[in-house]
Amino acid sequence: MILRALDRRSWIFLGLLFIVVVAVPVANLALEPGSAGHLPSFAVSLFGKYLCYALLAVALDLVWGYCGILSLGHGAFFALGGYAMGMHLMREIGPRGVYGDPVLPDFMVFLNWDALPWFWYGFDMFWFALAMTMIVPGLLAFVFGWLAFRSRVTGVYLSIITQALTYALMLAFFRNEMGFGGNNGLTDFKDVLGFDLQSDATRAGLFVLSGLALAAGFILCRVIVTSKAGKVLVAVRDAESRTRFLGYRVESYKLFVFTVSAMLAGLAGALYTPQVGIINPSEFSPANSIEIVIMVALGGRGTLVGAALGAIVVGAANTLLTGWFPDFWLFVLGGLFVAVTLFMPRGILGVLDRRGPMRGGAPVGLRRKEA
Amino acid sequence: MSPSFSGRATSALLYIDGVSKTFDGFRAINSLSFIVDPGELHAVIGPNGAGKTTMMDIITGKTRPDAGTVLWDGRVDLTHVDEAGSARLGIGRKFQKPTVFETHTVEDNLLLALNADRGVFATLMARLTSAQATRIDELLALVRLEDRRHDLAGGLSHGQKQWLEIGMLLAQDPKLLLVDEPAAGMTDEETMRTAQLLRAIAGDHAVVVVEHDMEFVKALDCRVTVLHQGTVLADGSLAHVSAVPEVIDVYLGR
Numbered sequence: 262m263i264l265r266a267l268d269r270r271s272w273i274f275l276g277l278l279f280i281v282v283v284a285v286p287v288a289n290l291a292l293e294p295g296s297a298g299h300l301p302s303f304a305v306s307l308f309g310k311y312l313c314y315a316l317l318a319v320a321l322d323l324v325w326g327y328c329g330i331l332s333l334g335h336g337a338f339f340a341l342g343g344y345a346m347g348m349h350l351m352r353e354i355g356p357r358g359v360y361g362d363p364v365l366p367d368f369m370v371f372l373n374w375d376a377l378p379w380f381w382y383g384f385d386m387f388w389f390a391l392a393m394t395m396i397v398p399g400l401l402a403f404v405f406g407w408l409a410f411r412s413r414v415t416g417v418y419l420s421i422i423t424q425a426l427t428y429a430l431m432l433a434f435f436r437n438e439m440g441f442g443g444n445n446g447l448t449d450f451k452d453v454l455g456f457d458l459q460s461d462a463t464r465a466g467l468f469v470l471s472g473l474a475l476a477a478g479f480i481l482c483r484v485i486v487t488s489k490a491g492k493v494l495v496a497v498r499d500a501e502s503r504t505r506f507l508g509y510r511v512e513s514y515k516l517f518v519f520t521v522s523a524m525l526a527g528l529a530g531a532l533y534t535p536q537v538g539i540i541n542p543s544e545f546s547p548a549n550s551i552e553i554v555i556m557v558a559l560g561g562r563g564t565l566v567g568a569a570l571g572a573i574v575v576g577a578a579n580t581l582l583t584g585w586f587p588d589f590w591l592f593v594l595g596g597l598f599v600a601v602t603l604f605m606p607r608g609i610l611g612v613l614d615r616r617g618p619m620r621g622g623a624p625v626g627l628r629r630k631e632a
Numbered sequence: 003m004s005p006s007f008s009g010r011a012t013s014a015l016l017y018i019d020g021v022s023k024t025f026d027g028f029r030a031i032n033s034l035s036f037i038v039d040p041g042e043l044h045a046v047i048g049p050n051g052a053g054k055t056t057m058m059d060i061i062t063g064k065t066r067p068d069a070g071t072v073l074w075d076g077r078v079d080l081t082h083v084d085e086a087g088s089a090r091l092g093i094g095r096k097f098q099k100p101t102v103f104e105t106h107t108v109e110d111n112l113l114l115a116l117n118a119d120r121g122v123f124a125t126l127m128a129r130l131t132s133a134q135a136t137r138i139d140e141l142l143a144l145v146r147l148e149d150r151r152h153d154l155a156g157g158l159s160h161g162q163k164q165w166l167e168i169g170m171l172l173a174q175d176p177k178l179l180l181v182d183e184p185a186a187g188m189t190d191e192e193t194m195r196t197a198q199l200l201r202a203i204a205g206d207h208a209v210v211v212v213e214h215d216m217e218f219v220k221a222l223d224c225r226v227t228v229l230h231q232g233t234v235l236a237d238g239s240l241a242h243v244s245a246v247p248e249v250i251d252v253y254l255g256r
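Residue numbers (our numbering), protein chains in the order written: chain A, 262 to 632; chain B, 3 to 256.
Everything labelled a hint here was simulated from the structure, so no lab data went into it.
One thing to keep in mind: the hints can contain errors.
To be verified - Here are the simulated BS3-like cross-link-like pairs (lysine-lysine), alpha carbons at most 30 Å apart as the crow flies:
| no. | chain 1 | residue 1 | chain 2 | residue 2 |
| --- | --- | --- | --- | --- |
| 1 | B | K220 | A | K489 |
| 2 | A | K489 | B | K99 |
| 3 | A | K489 | B | K64 |
Stated by the list, open to error - Listed next, the stretches of chain A that the computed footprint assigns to chain B, with coverage defined by at least 3 CB atoms under 8 Å from CB atoms of chain B:
| no. | stretch |
| --- | --- |
| 4 | 521-533 |
| 5 | 542-548 |
Just so it is clear, the structure is predicted and the values come from calculations on it, not from any experiment.
For every residue, glycine included, the Cβ atom is placed at its ideal position computed from N, Cα and C.
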């Protein structure tokens, strides 16, 4: 089933990913600092961050590229996964916090809380927190999708309410009373499963895990899109009402794929938090979600590989440009989106791929509108 | 209404009685009554706005009528069934404008239409069975698209798309096919071939054809119902309805 799902391009992608996952830790750990080819530790975490974005972009491509659901709120699922992992990392700090409280994180002591809120229970256990990084976004997506898809909210209206969803969550998480550290979010993490988060070996380990998660998420999405269910998703994207008249419950397919996508986004967020060292409400900001859309559009919608590629290109451009011209990044991002829409409707992969007309599951750019 | 009409509720495949539907004060359907028997070929004609499309929307669960009875197979109340539900009961619908899945191959279009479990989990795990492969071959031959099987449906000509969509309808193996202006935009030769095809299909399946083209209706050689302002004006053979003075007034003209 898995082998059947992987085409030549998938193997090239997984091969390149494998090389990166091996080479980056080796260049960081095995080569002496100062020697040629040595990679500084900050770069390992930076590249790990790109891999998390790539997984997030692949998740978005599954719903947007294949099922036509343009979610402008996928950052919310990513951030929720990040928060769930952050909660575990906070509890791992234990009595080593500034206030030395054995149970309460510093920000709760600062707010004069005397007990842990109920929703923080269980996060001291790693397995529980890890499960929550996917269950919480998955559940939110399920409930949200159930209401939206059943009411047949589609197109731009759906995009707008997903955007509202992430914005509402951002405002909520900014509030101290929510119990997630308010404006500052969660930070000052020490270790995970006993491994020091500042050590090079742990950073390399997190990088490798991010690469593996990306590979696993990619393969899962390939299995879905190459199955008959994947053909139904494309059918929904191209002619939703026709698909209904063939007897498919369109809302069930949308709900399934939206939930899977949110869970993958949550996993990406869970790997992102320990590598960046902080998670705060700005991760919910609508601009982040739009950036993910641009990543997918740039790489090529409905290709999965393109989404990952686009994420890495946009991530790297963000790092470089915010270093060189900090004020211009948003203009560059906006310009990029306009340019891609006008000149490269099928993205980077569309330009690379000259094998002719698109196949089922190909980008939406050239499709005809349904009557 | 003839006294025997209500007695037909259980023997008919599709039984519509006293159905009305108003959109913003406009009576699209006005106490319409209509019966389709199993295996019957039946043409519906009428000027624009006669309520033909609304009638199809009501049968397929897209629109809910304000009043009246819509009964399927003498037992299922179609006013409480959605589009997917009506398809699962065995009602196939072809739209006026051909709607096929343009970025799927011709073959995949038929595969998606084939009668099989429509659930998410079932389709995730689905494998093409040899019976399905054979059926696809048969259908490709029937709609004369064998040499286009691996091409994207978006690249077909208008007439070929119409045929592919008819093939998809047959793949569903419905008890009733609702066909909305199949000959629209077809060449004369394609039109005649389509009429032949529909006549061949009828018998195994009931077929209701909505059509404007009188040549085409003549070629179908079947019972004709004339709709006007949401209600039945005349019913019978084409020769019979053509002779009804009201029909001549509102539709056929002079």
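Against the structure, the hints:
| no. | hint | in the structure |
| --- | --- | --- |
| 1 | B:K220 - A:K489 | violated, 41 Å |
| 2 | A:K489 - B:K99 | holds, 26 Å |
| 3 | A:K489 - B:K64 | holds, 26 Å |
| 4 | 521-533 | violated (count 0) |
| 5 | 542-548 | violated (count 0) |
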